[in-house]
Amino acid sequence: MRSTVIFAAIALAVVALIFAGARFAGNDYIFFAGYTVLQFIVLATAWNILGGYCGYVNFGTAAFFALGAYASVFFHKTYPLPIPVLLVIAAIVSGLVGLGTGYLTLRLRGAFFSIATLALAVVLQTFVVNWSYVGGSRGAYVIRPSDVDILGFHLEYIQYLFLIMALLAAAAVTIARAIEHSKLGYGFATIRDDELAAEASGVPTLRLKLVATTLSGALMGMAGAPFPYYIGYVEPASTFGLGYAVNAIAMPLIGGTTTWIGPLIGSILLGTLQQVVTVTISSEVNLLLVGLLLVAFVIVAPRGLVGLVQPLFQRPGRTWTPPSSTSKDSASASAASSPSTESI
Amino acid sequence: MFESADLLVNALVAGLLLGGFYAAVTAGISISFGILDIVNIAHPGFIIVGSYIAYIVNAHFGLDPILVGILGLPAFYALGALTYQVYYVSFERRGQEALRGLAFFFGLLFITEVVLILVFGVDYRYVSAPYIDMPPISIGFVQLPMRMVVPCVMSLVMLAVLQLFLTRTFLGRAIMAVAQDQLALRLMAADPIKIKRIAFGISIATCALAGAFLIIIQPVEPSIGRDYIGRVFAICVLGGLGSLPGTLIGAMLLGIVESLTATFYGPSWAPAVAFGLLLLTLAVRPAGLLGR
Chain A
1 MRSTVIFAAI ALAVVALIFA GARFAGNDYI FFAGYTVLQF IVLATAWNIL
51 GGYCGYVNFG TAAFFALGAY ASVFFHKTYP LPIPVLLVIA AIVSGLVGLG
101 TGYLTLRLRG AFFSIATLAL AVVLQTFVVN WSYVGGSRGA YVIRPSDVDI
151 LGFHLEYIQY LFLIMALLAA AAVTIARAIE HSKLGYGFAT IRDDELAAEA
201 SGVPTLRLKL VATTLSGALM GMAGAPFPYY IGYVEPASTF GLGYAVNAIA
251 MPLIGGTTTW IGPLIGSILL GTLQQVVTVT ISSEVNLLLV GLLLVAFVIV
301 APRGLVGLVQ PLFQRPGRTW TPPSSTSKDS ASASAASSPS TESI
Chain B
1 MFESADLLVN ALVAGLLLGG FYAAVTAGIS ISFGILDIVN IAHPGFIIVG
51 SYIAYIVNAH FGLDPILVGI LGLPAFYALG ALTYQVYYVS FERRGQEALR
101 GLAFFFGLLF ITEVVLILVF GVDYRYVSAP YIDMPPISIG FVQLPMRMVV
151 PCVMSLVMLA VLQLFLTRTF LGRAIMAVAQ DQLALRLMAA DPIKIKRIAF
201 GISIATCALA GAFLIIIQPV EPSIGRDYIG RVFAICVLGG LGSLPGTLIG
251 AMLLGIVESL TATFYGPSWA PAVAFGLLLL TLAVRPAGLL GR
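Residue numbers (my numbering), protein chains in the order written: chain A, 1 to 344; chain B, 1 to 292.
For the record, the hints were derived by calculation from the structure and aren't laboratory data.
One should not assume that every hint holds.
DEER-style ranges, computed between Cβ atoms [said to hold, decoys possible]:
#1 A:10 with B:184: 52 to 58 Å
#2 B:75 with A:24: 43 to 49 Å
#3 A:127 with B:160: 52 to 58 Å
#4 A:183 with B:219: 50 to 56 Å
#5 B:121 with A:233: 19 to 25 Å
#6 A:207 with B:187: 36 to 42 Å
#7 A:308 with B:74: 38 to 44 Å
#8 A:136 with B:86: 52 to 58 Å
#9 A:207 with B:181: 52 to 58 Å
Note that the Cβ used here is the ideal one computed from N, Cα and C, for glycine as well.
Chain A with its partners taken away, still in its complex shape (with noise of 0.2 Å):
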């Protein structure tokens, strides 16, 4: 708990110190890289919550995300709040669905969640195209305002918005560190390791995998809020498009699924390389890069950047190995294949 609290301190500190040293750089066009490469971190460590610490798949990011980002619309429309109270509700709208999602799903083999993850996106993308009230097909456009005073400061709408997503990302890192060195994150690792035995020795797993998709999907949700604020402009086919899921996936996986710092590393890297791309060559060209490298990492690096790298830090005695994670889903497979993961 102490030590959340120290590294709750340290996040914040990295948020103003990167908050300070973008507005002395003096460009509009930091902020506007940053924010995505910041709503990439919150989205990649809320898909590990799930996908790293309980070994589930979550296809769905984007669903997720969009309905963050058309509850933001909806309110835009009826009754303009402050991006804050946008954040709570879209926890809210998110997490009930993932709830819900997790609820029917949840109690079947794993494939069948990731399969109703991106179910869930092609129906709320339906809905949202059948909804007129929030565009439709069309898109909405929501005007943001130029600037804001909030506790005495005077700031540029687009720094806001890149402090409220530097604080989300900072928060997201802090719960993610939290759970992983908390009951609840044991638990988790058990439901990833072998989820029979876990169930078996008394670990309650269908209570615990809820509690991590409604937890993982509210935070994208919360990613998704101020996402209009942003672009200005939003549609379905964009804000539902593979992309998000991709890049949510991709990230944890190419740093690394087992620490809140995989994620973390992953996104800022690949977020920054997708800036630069998008920039320098084209938007098609960005996709197929983080396509390729996702798929190069899981099957060269299953460990990520983190598997990489740590075997440098540690000293020979203490090298740990986790067993190979036992797959959920085919024991009688893995068992023919490889009877040590059935060692329980």
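Since the structure of chain A is provided, determine the placement of chain B on it from the hints.
Only chain B this time, still in chain A's reference frame:
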């Protein structure tokens, strides 16, 4: 009243024709996901590749798309066998198919889509064949567009051949055996990996034909594959995993429900139908209609 009955029957017939085509699209997933337990979400990506090959050959040499599909079978079989080999060595052998295997196929799906966009752009592509432009045959007030009838009939033929192969031949039975007990198969001195490679090759080979059917039925652009992810898994789960007759029934059901939705509520709602059906099946009867 008569007019709406007319509309209803036509929607039902269109749904059945569509369902036959959906069965061909899903047959491959029924083998890979249903029998082999490989969650190949890149399957629609392979189908779109099949469509583009049919398009290229048709545009340059004027060959019939279905003929192109049949000629493409060996190439797609080899592609599938290769994919399985990579998948096996990288994930299945290490027991990591749950998380990284899924991410691998997701990456493949994404890569095929982006490469197709880079090469062909996002324009809709279509093929030409005599039966596509033919006026629909009318039986009473029922309209039968040949553009739908030909793919549907060919799908049924393909499904019948696959079913005969799986139930009557030695190799087919070996594939079914892999699904039941891999260890026992090994004790019978058969190599389950080799059999799974063959089966996965066959599942991808169906994409050559399914892709050709797809581009006959509708114009194709790279990102269209995404709509089919939900459909194929919905059908596969609805019909019961690993059962081809179940797949056919599930496909027909989905085709009818989608066609009715499109007719009475508007086509923009149709994509949600498959997914709604999938979620419903998972919640109510996860084993499917003809599940084991």
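These are the hints, each one checked on the structure:
1. The beta-carbon spacing between residue 10 of chain A and residue 184 of chain B, approximately 56 Å, falls within the hinted interval of 52 to 58 Å.
2. A hinted range of 43 to 49 Å is violated for the C-beta pair residue 75 of chain B and residue 24 of chain A, which are about 58 Å apart.
3. Checked against the hint of 52 to 58 Å, the C-beta distance between residue 127 of chain A and residue 160 of chain B comes to roughly 39 Å, which is inconsistent with it.
4. The hinted window of 50 to 56 Å between residue 183 of chain A and residue 219 of chain B holds, with their beta carbons roughly 55 Å apart.
5. Taken as a hint, the range 19 to 25 Å holds for the pair residue 121 of chain B and residue 233 of chain A, whose Cβ atoms sit roughly 23 Å apart.
6. In this structure, residue 207 of chain A and residue 187 of chain B meet the distance hint of 36 to 42 Å, their C-beta atoms being roughly 40 Å apart.
7. Between residue 308 of chain A and residue 74 of chain B the CB atoms are about 39 Å apart, so this pair conforms to the stated range of 38 to 44 Å.
8. Range check, residue 136 of chain A to residue 86 of chain B: about 42 Å between beta-carbon atoms, so the 52 to 58 Å window is missed.
9. A C-beta distance of roughly 33 Å is found between residue 207 of chain A and residue 181 of chain B, which places it outside the suggested range of 52 to 58 Å.
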